[in-house]
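Engineer: Protein sequences appear in the order of chains A and B. Numbering follows this note's numbering, in which position 33 of the first sequence is assigned residue number 33; successive positions increment by one, without gaps. Numbering follows this note's numbering, in which position 2 of the second sequence is assigned residue number 2; successive positions increment by one, without gaps.
These aren't lab readings, by the way, just hints derived from the structure by calculation. Here the structure is a predicted model, which means the values were calculated and not measured. Ideal Cβ placement from N, Cα and C applies to all residues, glycine included. A couple of the hints might just be wrong.
[As the list claims (entries may be wrong)] Example chain A residues on the side facing chain B (calculated, C-beta under 7 Å, incomplete): (1) ASN55; (2) PHE56; (3) ALA77; (4) ASN85; (5) GLN91; (6) LEU146; (7) GLU161; (8) ASP205; (9) ARG435.
[Said to hold, decoys possible] No more than 20 Å apart at the CA atoms, straight line, and that leaves these computed lysine to aspartate or glutamate pairs for EDC-like: (10) LYS291(B) / ASP317(B); (11) LYS291(B) / ASP134(B); (12) LYS165(A) / ASP96(B); (13) LYS171(A) / GLU213(A); (14) LYS113(A) / ASP168(B); (15) LYS285(A) / ASP295(A); (16) LYS165(B) / ASP96(A); (17) LYS113(B) / GLU166(A).
2 protein chains.
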Amino acid sequence: MTQLLTRPAAQSAAPETSNRPHRVVIVGGGFGGLYAAQSFGRATHVEVTLIDRRNFHLFQPLLYQVATGGLSPGDIASPLRGVLNRQKNTQVLLGDVVDIDPEQQQVVLKRGKGVPYDSLIIATGGAHHYFGNDHWEKFAPSIKTLEDALEVRRRIFLAFEAAEKETDPVKRQAMMTFLVVGGGPTGVELAGALADLAYSTLKSDFRTIDTHETKIILVEGMDRLLPPFPEDLSANAADSLQKLGVEVRTQTMVTAIEDDRVRLRSGDEESELLTKTVLWAAGVKASGMGKIVADRTGATCDRAGRVMVAPDLSLPDHPNIFIIGDLAHYAHQDNKPLPGVAPVAMQQGKYVAKLIQHRLKGEPIPPFRYRDSGSLAVIGRNAAVVNLNWIKFTGFPAWVIWLFVHVFYLIEFDNKLIVMTQWMWGYFTRNQGSRLITGRDADKVEEVYSGHRRHS
Amino acid sequence: MTQLLTRPAAQSAAPETSNRPHRVVIVGGGFGGLYAAQSFGRATHVEVTLIDRRNFHLFQPLLYQVATGGLSPGDIASPLRGVLNRQKNTQVLLGDVVDIDPEQQQVVLKRGKGVPYDSLIIATGGAHHYFGNDHWEKFAPSIKTLEDALEVRRRIFLAFEAAEKETDPVKRQAMMTFLVVGGGPTGVELAGALADLAYSTLKSDFRTIDTHETKIILVEGMDRLLPPFPEDLSANAADSLQKLGVEVRTQTMVTAIEDDRVRLRSGDEESELLTKTVLWAAGVKASGMGKIVADRTGATCDRAGRVMVAPDLSLPDHPNIFIIGDLAHYAHQDNKPLPGVAPVAMQQGKYVAKLIQHRLKGEPIPPFRYRDSGSLAVIGRNAAVVNLNWIKFTGFPAWVIWLFVHVFYLIEFDNKLIVMTQWMWGYFTRNQGSRLITGRDADKVEEVYSGHRRHS
Numbered sequence: 001m002t003q004l005l006t007r008p009a010a011q012s013a014a015p016e017t018s019n020r021p022h023r024v025v026i027v028g029g030g031f032g033g034l035y036a037a038q039s040f041g042r043a044t045h046v047e048v049t050l051i052d053r054r055n056f057h058l059f060q061p062l063l064y065q066v067a068t069g070g071l072s073p074g075d076i077a078s079p080l081r082g083v084l085n086r087q088k089n090t091q092v093l094l095g096d097v098v099d100i101d102p103e104q105q106q107v108v109l110k111r112g113k114g115v116p117y118d119s120l121i122i123a124t125g126g127a128h129h130y131f132g133n134d135h136w137e138k139f140a141p142s143i144k145t146l147e148d149a150l151e152v153r154r155r156i157f158l159a160f161e162a163a164e165k166e167t168d169p170v171k172r173q174a175m176m177t178f179l180v181v182g183g184g185p186t187g188v189e190l191a192g193a194l195a196d197l198a199y200s201t202l203k204s205d206f207r208t209i210d211t212h213e214t215k216i217i218l219v220e221g222m223d224r225l226l227p228p229f230p231e232d233l234s235a236n237a238a239d240s241l242q243k244l245g246v247e248v249r250t251q252t253m254v255t256a257i258e259d260d261r262v263r264l265r266s267g268d269e270e271s272e273l274l275t276k277t278v279l280w281a282a283g284v285k286a287s288g289m290g291k292i293v294a295d296r297t298g299a300t301c302d303r304a305g306r307v308m309v310a311p312d313l314s315l316p317d318h319p320n321i322f323i324i325g326d327l328a329h330y331a332h333q334d335n336k337p338l339p340g341v342a343p344v345a346m347q348q349g350k351y352v353a354k355l356i357q358h359r360l361k362g363e364p365i366p367p368f369r370y371r372d373s374g375s376l377a378v379i380g381r382n383a384a385v386v387n388l389n390w391i392k393f394t395g396f397p398a399w400v401i402w403l404f405v406h407v408f409y410l411i412e413f414d415n416k417l418i419v420m421t422q423w424m425w426g427y428f429t430r431n432q433g434s435r436l437i438t439g440r441d442a443d444k445v446e447e448v449y450s451g452h453r454r455h456s
Numbered sequence: 001m002t003q004l005l006t007r008p009a010a011q012s013a014a015p016e017t018s019n020r021p022h023r024v025v026i027v028g029g030g031f032g033g034l035y036a037a038q039s040f041g042r043a044t045h046v047e048v049t050l051i052d053r054r055n056f057h058l059f060q061p062l063l064y065q066v067a068t069g070g071l072s073p074g075d076i077a078s079p080l081r082g083v084l085n086r087q088k089n090t091q092v093l094l095g096d097v098v099d100i101d102p103e104q105q106q107v108v109l110k111r112g113k114g115v116p117y118d119s120l121i122i123a124t125g126g127a128h129h130y131f132g133n134d135h136w137e138k139f140a141p142s143i144k145t146l147e148d149a150l151e152v153r154r155r156i157f158l159a160f161e162a163a164e165k166e167t168d169p170v171k172r173q174a175m176m177t178f179l180v181v182g183g184g185p186t187g188v189e190l191a192g193a194l195a196d197l198a199y200s201t202l203k204s205d206f207r208t209i210d211t212h213e214t215k216i217i218l219v220e221g222m223d224r225l226l227p228p229f230p231e232d233l234s235a236n237a238a239d240s241l242q243k244l245g246v247e248v249r250t251q252t253m254v255t256a257i258e259d260d261r262v263r264l265r266s267g268d269e270e271s272e273l274l275t276k277t278v279l280w281a282a283g284v285k286a287s288g289m290g291k292i293v294a295d296r297t298g299a300t301c302d303r304a305g306r307v308m309v310a311p312d313l314s315l316p317d318h319p320n321i322f323i324i325g326d327l328a329h330y331a332h333q334d335n336k337p338l339p340g341v342a343p344v345a346m347q348q349g350k351y352v353a354k355l356i357q358h359r360l361k362g363e364p365i366p367p368f369r370y371r372d373s374g375s376l377a378v379i380g381r382n383a384a385v386v387n388l389n390w391i392k393f394t395g396f397p398a399w400v401i402w403l404f405v406h407v408f409y410l411i412e413f414d415n416k417l418i419v420m421t422q423w424m425w426g427y428f429t430r431n432q433g434s435r436l437i438t439g440r441d442a443d444k445v446e447e448v449y450s451g452h453r454r455h456s
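The whole structure should be built from the sequences, with the hints applied where relevant.
Structural biologist: Next up, the structure:
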């Protein structure tokens with residue numbers, strides 16, 4: 001397929017490049033889309049349009065901190081216009097892309113006219129995935145958007161408030177039981193943050209309940225936490241979580257979720273857990289855009305809905321359409337698709353931007369290649385596991401590395417100083433100022449835990 | 001009425017004080033209720049229960065900064081449990097007080113049992129007031145709660161987004177026209193913040209519209225802005241706002257508000273203004289608790305729904321029920337009620353806590369007396385008006401005073417460091433990181449400005 005890469009320029013744009021700028025349309029302002037847009041920063045004769053449904057870029061790796069009251073939404077979200085406003089060749093459009101039209105070379109917004117492109121970069125990311133049990137979503141929200149995080153935050157803090165008022169000990173324990181489903185990085189981070197919250201931040205806040213009686217359970221279907229990490233780091237993560245007070249159950253599947261209980265299966269053993277708060281961190285699939293792309297271009301999707309891409313991240317028969325980030329299935333050497341993590345999306349965004357600029361000059365570039373500089377997951381306030389491939393860290397040193405990596409990435413936007421201050425403040429005072437219960441009907445607190453829960 | 005003050009102790013509690021702690025119930029965790037609760041901090045033989053519908057104290061004077069994207073909700077809200085957790089005699093209850101029962105000496109929660117009291121402090125504050133035009137609320141939201149502020153923020157930023165996409169110049173100008181109704185401190189601060197936003201923060205963010213074409217209009221029914229301030233400060237405020245780009249129209253009333261237009265009257269002159277965003281900062285009335293108190297105790301309310309209180313802030317025939325803050329009508333020497341501002345509520349909260357503690361010891365204390373240390377209002381990024389009664393400031397020196405006063409008050413809770421950092425950051429970079437469009441259906445951006453608006 002390398003012939004794709006040696007083609008001088010996107011065929012449609014070639015005849016016109018002398019007259020008007022090459023129009024690049026990017027759909028999605030996550031890590032992939034934003035890094036692609038930024039990589040056109042100094043490009044002349046290119047006109048970039050970044051389209052997103054939201055007016056901000058979200059730093060998703062820290063979303064669990066919003067959900068557990070450590071950070072405010074504004075700390076991890078940067079307005080796209082603000083991030084890109086010095087880039088005069090770039091326009092941000094708030095809009096919902098509902099279709100693409102490769103014949104006319106335009107993307108179709110829900111309302112309004114089509115937006116024409118010469119090159120199209122689709123980076124709409126992933127959505128949560130309940131493996132055919134979509135009805136679980138209302139009982140077990142996952143955390144993909146800011147609104148998800150605020151809803152989870154509301155549930156967590158309302159659960160403690162309800163427990164403080166509950167006189168029945170069985171019901172009270174169910175309110176003080178939190179189940180996190182999924183032992184990947186998100187689940188591990190969430191369980192660790194919950195343990196910090198219950199056993200240290202909130203420990204003096206209540207008069208009736210003792211927050212040390214909070215039960216936090218993390219279940220994972222595989223035989224260890226953090227499956228992509230080396231085995232010793234998985235073991236260390238499980239160990240650190242247990243020290244924090246989290247009960248870790250591997251080789252355990254959720255078989256049913258109801259309003260106040262969950263059924264679990266370990267091997268042949270079935271059990272029931274009474275809990276009012278279940279958080280879903282188990283499954284991710286590609287966004288709905290994958291299917292649209294497949295329908296319109298004849299591309300194929302994998303089972304998770306990701307679009308199979310060529311070595312240069314374009315579609316086989318549409319060399320001017322690129323899929324990057326969590327929406328793309330890119331098979332590296334070993335035929336395993338690249339993981340759905342921020343560094344992959346960022347590198348792919350930069351790569352495609354570079355490819356398009358080289359194409360315009362008639363220069364070929366080699367296929368995309370992911371440089372994996374390692375992975376990390378934080379476990380509560382003081383511990384983390386870090387795998388840099390050539391060296392591994394655990395415990396406090398890993399936590400410091402984790403902190404610096406995240407602050408380093410946030411440096412590129414506008415929030416670094418605030419987040420760093422807030423973290424340090426929270427670290428020294430063990431206080432979390434953002435543990436607010438908010439939402440449109442948040443003052444109707446008493447209905448929430450009586451009979452049925454409201455859902456967003 | 002001074003005989004109330006010489007009575008040795010609350011009659012109901014007196015016979016029991018030797019057996020069990022004196023039960024103080026405080027309804028409302030605003031400035032009045034929170035300061036009252038904190039003033040019981042070192043009290044022994046007193047058991048305090050603070051009840052609020054929300055789990056946080058809100059620093060309302062800075063709410064307009066959340067509405068205009070300068071601060072995040074978490075920056076100006078402190079969890080009540082966190083603020084009070086070191087006070088072992090104090091219990092926080094998340095609940096909605098729907099009634100009081102002076103016979104049984106208990107407050108009634110929406111669900112759950114009554115909460116018994118020996119002394120009751122009601123501090124439920126105010127609500128916005130449309131002077132009989134409640135149907136205006138959906139077109140012209142006011143800013144009393146965090147959710148209000150987020151909804152206003154959503155409307156402001158969506159208006160710019162919609163304008164960026166609008167091709168019809170008349171409609172586009174309506175989207176870029178913001179009307180603030182009410183020339184009190186909130187209206188002045190909001191108009192100034194909008195001017196900063198449109199003319200400096202956002203100035204490089206758009207490609208189609210020029211945000212300098214934004215129109216910001218502040219209307220006030222009286223003949224000058226900030227009526228409670230000295231006249232020269234009012235003139236200075238109007239002047240400063242005009243320099244920022246705000247059009248100030250005094251002696252102007254709103255007579256009708258529709259989805260996309262407003263009718264105004266100045267004297268005999270009627271005019272129509274095309275605008276998609278109207279913000280209400282005109283009227284405040286007491287919360288609904290005023291009527292309940294009047295019904296249950298025979299107390300009288302003034303026209304704004306505030307409860308008339310005795311010189312010691314108790315109710316005439318119920319010496320163990322106290323009304324403080326915006327809900328109270330306290331006539332000082334000149335028979336004018338005290339203004340609905342934070343310092344009044346704070347001083348009243350402290351006073352009542354002191355009174356109750358002295359009563360328990362059989363000691364009388366003199367009537368409440370408000371020490372007015374001045375008032376201030378900020379106008380945009382660099383100017384303010386400050387009246388300390390013995391000296392007045394305007395411009396930048398006043399702004400510095402305003403900044404320090406607010407940081408000083410926030411010092412008492414847990415957010416000072418963050419807010420100060422964020423302010424300084426925003427001041428130096430002219431960037432406002434919290435200008436996010438959020439909400440449950442915030443991704444349905446395109447429906448919002450087509451035909452009808454959604455309301456919270």
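Engineer: A separate judgement is required for each hint: does it hold in the structure or not?
Structural biologist: Do the hints match the structure? See the list:
1. ASN55: Cβ of ASN55(A) sits 5 Å from chain B, so the hint holds.
2. PHE56: Check passed: Cβ of PHE56(A) comes within 5 Å of chain B, closer than 7 Å.
3. ALA77: holds (5 Å)
4. ASN85: With Cβ-Cβ at 4 Å, under 7 Å, it holds.
5. GLN91: Result: holds, 5 Å to nearest chain B Cβ.
6. LEU146: With Cβ-Cβ at 6 Å, under 7 Å, it holds.
7. GLU161: GLU161(A) check passes; min Cβ-Cβ to chain B is 4 Å, inside 7 Å.
8. ASP205: At 4 Å from the nearest chain B Cβ, ASP205(A) passes the 7 Å test, so the hint holds.
9. ARG435: holds (5 Å)
10. LYS291(B) / ASP317(B): It holds: about 16 Å lies between the C-alpha atoms, which stays within 20 Å.
11. LYS291(B) / ASP134(B): Holds, at roughly 18 Å.
12. LYS165(A) / ASP96(B): holds (13 Å)
13. LYS171(A) / GLU213(A): With Cα atoms ~13 Å apart, LYS171(A) and GLU213(A) stay inside 20 Å; holds.
14. LYS113(A) / ASP168(B): Within the cut-off at roughly 14 Å; holds.
15. LYS285(A) / ASP295(A): Judged against 20 Å, a Cα distance of about 18 Å means the pair holds.
16. LYS165(B) / ASP96(A): holds (13 Å)
17. LYS113(B) / GLU166(A): Holds, because 12 Å separates the two Cα atoms, which is no more than 20 Å.
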